[in-house]
Amino acid sequence: DAGVIQSPRHEVTEMGQEVTLRCKPISGHDYLFWYRQTMMRGLELLIYFNNNVPIDDSGMPEDRFSAKMPNASFSTLKIQPSEPRDSAVYFCASSPELGTGNYEQYFGPGTRLTVT
Amino acid sequence: GEDVEQSLFLSVREGDSSVINCTYTDSSSTYLYWYKQEPGAGLQLLTYIFSNMDMKQDQRLTVLLNKKDKHLSLRIADTQTGDSAIYFCAEIDPLDTGRRALTFGSGTRLQVQP
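Chains as they are written, first to last, in the working numbering: chain V, 83 to 198; chain W, 221 to 334.
Okay, chain V solo, but in the shape it has when bound (with noise of 0.2 Å):
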């Protein structure tokens, strides 16, 4: 298997402008995180699915940004508009619903998001 996939790598941007990032999970993981990392703040969830269907979404700053899962093999996270303390990097993880009996996630490589 491939892992999980990420696109862009890195994107840069200027403030205002719509991003749009993409995941493909493991195949046969029925669990998708978003999670967003940071100096000041380190690693923090920001939603996860299950099942295509979104479960917790509560660490979404605000309503400037939003996630799909339209399917079982792709979700997309929109930030619209960016704002330059959007700079993060931005990985995507899956899980599956049973693992080897834990709950372990395995990671993309992440986006690296630059918001001047």
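In short, the hints are calculated from the structure, not lab data.
Hints are not guaranteed to be accurate.
Computed beta-carbon distance windows for the label pairs [as the list claims (entries may be wrong)]:
1. E126(V) with S231(W): 44 to 54 Å
2. E179(V) with S271(W): 16 to 26 Å
3. V135(V) with T317(W): 31 to 41 Å
4. L281(W) with G85(V): 16 to 26 Å
5. T317(W) with E96(V): 37 to 47 Å
6. T317(W) with V94(V): 35 to 45 Å
7. K150(V) with R233(W): 27 to 37 Å
8. T102(V) with G260(W): 16 to 26 Å
9. R104(V) with H291(W): 38 to 48 Å
10. N153(V) with L265(W): 19 to 29 Å
11. S148(V) with A261(W): 21 to 31 Å
12. G260(W) with P143(V): 18 to 28 Å
Backbone N, C-alpha and C define an ideal beta-carbon position, used for all residues, glycine too.
Keeping the supplied structure of chain V fixed, place chain W upon it in accordance with the hints.
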């Protein structure tokens, strides 16, 4: 709520053992994980331990869990320069909270000197 804490930095010489420590507040934490992050890369799952275990060994890695003190440690034997990275401790308690998201510590940067 959950809180996971780690020291920020550790420096060791190549060939020595490294011990990275983590404390957590949620006494019902069920699963505890160690992830490794190299520069510019995602998080790689290294190992995990269940809360009903005291120790787990996996090749050069040994995880120790002290439930009384809510302390978790990761020992890396014969540390190599390739082990230089940031190491994250994380916990999850889905059986109690129903929540599947990980709570991460701030990460410990391990620097291995040749």
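Here is how each hint holds up against the structure:
Distance hint check for E126(V) and S231(W): the Cβ-Cβ separation is about 27 Å, which falls outside the suggested range of 44 to 54 Å. Our hint of 16 to 26 Å for E179(V) and S271(W) holds, since their Cβ atoms are close to 21 Å apart. Checked against the given bound of 31 to 41 Å, the beta carbons of V135(V) and T317(W), roughly 18 Å apart, lie outside it. Checked against the hint of 16 to 26 Å, the pair L281(W) and G85(V) passes, with Cβ atoms roughly 21 Å apart.
The hint said 37 to 47 Å for the Cβ distance between T317(W) and E96(V), and at roughly 40 Å that hint holds. At about 37 Å, the beta-carbon gap between T317(W) and V94(V) stays in the expected band of 35 to 45 Å. Between K150(V) and R233(W) the beta carbon distance is about 49 Å. The supplied range of 27 to 37 Å is therefore violated. With their beta carbons about 22 Å apart, T102(V) and G260(W) fall inside the hinted range of 16 to 26 Å.
With their beta carbons about 39 Å apart, R104(V) and H291(W) fall inside the hinted range of 38 to 48 Å. Between N153(V) and L265(W) the beta carbon distance is about 25 Å. The supplied range of 19 to 29 Å therefore holds. Between S148(V) and A261(W) the Cβ separation comes to about 27 Å, which falls inside the hinted range of 21 to 31 Å. At roughly 24 Å, the beta carbons of G260(W) and P143(V) sit within the given window of 18 to 28 Å.
Comparing the model with each numbered hint stated earlier shows that hints 1, 3 and 7 do not hold.
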